[in-house]
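Number of protein chains: 2
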Amino acid sequence: MRRTRRGTGRTTLTDVARVAGVAPITASRALNSPDRVSAETLARVRQAVDNTGYVPNLLAGGLASSRSRLGALVVPSIASPIYLDFVQALTTSLNEADYQLLLGESGYHNARESDLLDAIIARRPDGIVLTGTMHSAQGRKRLRSSGIPVVETWGMTSRPLDMLAGVAQQEVGAAAAAHLNTIGRRRTAVIAADDHMASRRARGFTTEVARTRGAEPEAATVPIVRITAPSTLGQGRRALSRLLEQHEVDSVFCTSDTIALGVLIEAQARGLSVPDDLAVIGYGDMNFAADTPPPLTTVRVDGAEIGRQAARFLLDKSQGRRVSRRVVDIGFSLVVRESA
Amino acid sequence: MRRTRRGTGRTTLTDVARVAGVAPITASRALNSPDRVSAETLARVRQAVDNTGYVPNLLAGGLASSRSRLGALVVPSIASPIYLDFVQALTTSLNEADYQLLLGESGYHNARESDLLDAIIARRPDGIVLTGTMHSAQGRKRLRSSGIPVVETWGMTSRPLDMLAGVAQQEVGAAAAAHLNTIGRRRTAVIAADDHMASRRARGFTTEVARTRGAEPEAATVPIVRITAPSTLGQGRRALSRLLEQHEVDSVFCTSDTIALGVLIEAQARGLSVPDDLAVIGYGDMNFAADTPPPLTTVRVDGAEIGRQAARFLLDKSQGRRVSRRVVDIGFSLVVRESA
DNA sequence: TCCGGCGATGGTAGCGCTACCGTTCCAGGC
DNA sequence: GCCTGGAACGGTAGCGCTACCATCGCCGGA
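Here the protein sequences come in this chain order: A and B. In terms of this note's numbering, the first sequence has 174 at position 174, counting the first letter as 1, and numbering is strictly consecutive. In terms of this note's numbering, the second sequence has 226 at position 226, counting the first letter as 1, and numbering is strictly consecutive.
There's no promise every hint is true.
Which copy is meant is left open, because identical chains are indistinguishable; a pair holds if it fits in one copy or across any two.
Unchecked claim - Okay, derived cross-link-like pairs now, SDA-like style, lysine to any residue, Cα gap no bigger than 25 Å in a straight line:
(1) 317 to 81
(2) 141 to 55
(3) 317 to 207
(4) 141 to 332
(5) 317 to 60
If you're looking for bench data, these hints aren't it; they were derived computationally from the structure.
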C-alpha cells in the first residue's frame, strides 16, 4: 500500500472528524461557528480535538477562506519607546479577536520599504497598520492595488490612504507654544528629533510662536536644535548645552520626554533652576514623566487608544462591518506639572 | 460560461506563467531557485512578474511546502525597553533571510500562555523564539509535540527545550556583588523587579554576598526591596526611599538601569552623594547609562547579539542545516563608570 | 395528506502553490 | 550508431481547509 507522498503526519481536521464520527465540514463548523451545529455534535468534536491534540492549520484555512486572521504592523523602528504602548494595545486587541500580529520594520529612512511591503502582502494579512503615513508613491500604489485594508496611525493627513487613527502633530506643538506664552515665556526654543512626526510637532510649535508674536518681530525666530533619532537622554543633555552656547532662552519644547529628561538633568548639572530659569515641556507623558525632578510638564497622547482604534478599524473592515468614520483624531492633553 | 466559484481575482503564479509562456511549475522554480532555470526563462518570468504586478501567496506556498518562512516571537511584555534591541535584531536578521516575524505577548503572569502557543502553532511557523524559558509543563509539552524548533533566550537553563541563547542571570548578579565587594562596600542591598529573570539576577547577587561574607555573619543578610514590573524611574525612586527608611546601606544593585536611574535621582534629591554615600549598579547598559549624573556603572548584555543568535538558530534549523552547539552563552561585561 | 420551510449535516470542488516523478533534448563517450 | 547522463521543463496530485450547493428529517399549516 502506497503512503501519501507528502504531508506532515500531524493530525488534521479530517482525523478529528473521523474520531468524532462526523464529516470534515461539520468538524470545521463546530470549531468556527459553534452555534451552527447541535450541542451534541459540538461536544463530540471538542472531545475529539482534546483527544487528538489537534491544532488547526491556519495556512490552509486562510488559503481556503481568503481570510488569514493576520494583522500586519509596520513600524519605523521597534527600538523606540514611544510606540511601546501602542504596539502592546494593538497586539492585545488583535489577540482577543483571535488575530495575530506580523511585525515589520521599515527603518526611518525608507529604502527597503517597498520590499517589506511585498513581503507583508505575500502573507495576505486582513489589514495593514502603518506607523506614520505612507509617503512613497510606489508604496501607496502597492498598497492600494493589494486591496488590503490599511490603517495609518499617529499622524493626521489630509488625504489618508484608507483609515486613519492619530493626532494632529502640529497642534501638539502649537499647544506647547501657547502654554509657554501663557506663563509668560518669550525667549523660547525647540529641541527636535529628525523623524517625520517630531518635525511636524516642531513646526507646529514654531508656527504658533510666530503667530502670537506678530507684533514683536525681533523675537520671532525660534532657535531649533536638531538631533538624530533615536532620542536619548544624552542627546537631550548635549542639545541643551549646544542651545545655551548660542542663545539666551527661558524655555524649551522637546519633541520627546526622553529628550526633556536629558534637558532637566543637564539644567540641574549647570545649576539652572527649572522652571524659574528654564521652563521645559516634553511630549509623550512617558512612565517617568511624573517622577522627574521636577515633575515634567508634557503633552499626553494615548498611544494605547491609537492601537485599540487601529485594531477596531482592522477587525471591522476585515469582518465586513461597515466603517462609518474612517478618520479618527485621538486628541491629546497638556499635562501641566512643575517643569513649565 | 461559469466563473470560478471563488478566488480573489488577484494574479496568480499561473497567470504569470501564461504571460511568460511557461508552465506554472517553471515559473515557481524561476522565483524560488533561479539557478535551476535557463537565463532566458528567468528573464521572461521576471518580466512577466513586473508586468502583472504579481505578489506570491505565501499561505499557499507554505501549505504546499510545509515551510512558512515565518518566525514567531513570544515576549512577556512588549512595553519593556529591555528587549527592544533584541527584538529589533531578531526582526532584522529574519527579514534579511526573507522571513517574517509573528509577535505574541504572553503577559508576565502566564495564564493565557497556552492559548497563545496554540494560536502561534496554528500558523505553522518554522521556529518559535521564547523570551525567557518556558515553564509550564503544559506549554513545554505543546511545544514539543508541535515539532517546531524552539529557541529559548536570555536566561540559561540546565535543561533547555531545544536551542538556547542567553546569559547566566545569576552570574550577572554575582559579578555586581563581587565588584561592590572589591570597592569595599559591605552594607549592600538589592532593588529587584518581580519578574523571573530579575529575580535570578537578584538571587545571584545575594548568594555571592553571602559567600564572600562567610566570616562576617552579622552582615550576611542583604535587604531586598521588591517592585512590581514594569520597572520605572518612579519605582526606583520610591524603592530607594523605602530602603533608606529601614536600613543603612552604602551600595545598591538594581535589576535594571531604569530603576538605577530613579535611584540616582532620588539620591540626589536627598543630598546623598553617589558613589561616596551610595554606590549604584544597574543592569542593561541602556542608551542613557553613560549620561546619567554620575555615569552609571552597569552590567552590559548584548541583547542584539542574542537576537541575531536566535535568528541564526531558527534559520539553520529551518533550512535543514546542522546545529552543532545548541546552547550559547552570550556572556556579559561589567561596565565600570562612576556610580560604583 | 401534502407541502414549504428550516435546522443539521454532508459531498464536491477548489484556494494557489510545490513535491514528485516524468519527458524531452542534446552533448559526449565508446 | 547507440547509449548514458544531465539540464531544462512539464503533468499530476496533493497540502488542509472551507465555500457552495445539496440532502435529509422533522414540524406546522392548509
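A quick look at each hint next to the structure:
no., hint, in the structure
1, 317 to 81, "neither (29 Å within a copy, 32 Å between copies)"
2, 141 to 55, "between (37 Å within a copy, 13 Å between copies)"
3, 317 to 207, "neither (37 Å within a copy, 55 Å between copies)"
4, 141 to 332, "neither (31 Å within a copy, 46 Å between copies)"
5, 317 to 60, "both (22 Å within a copy, 23 Å between copies)"
When each numbered hint is compared with the structure, violations occur for hints 1, 3 and 4.
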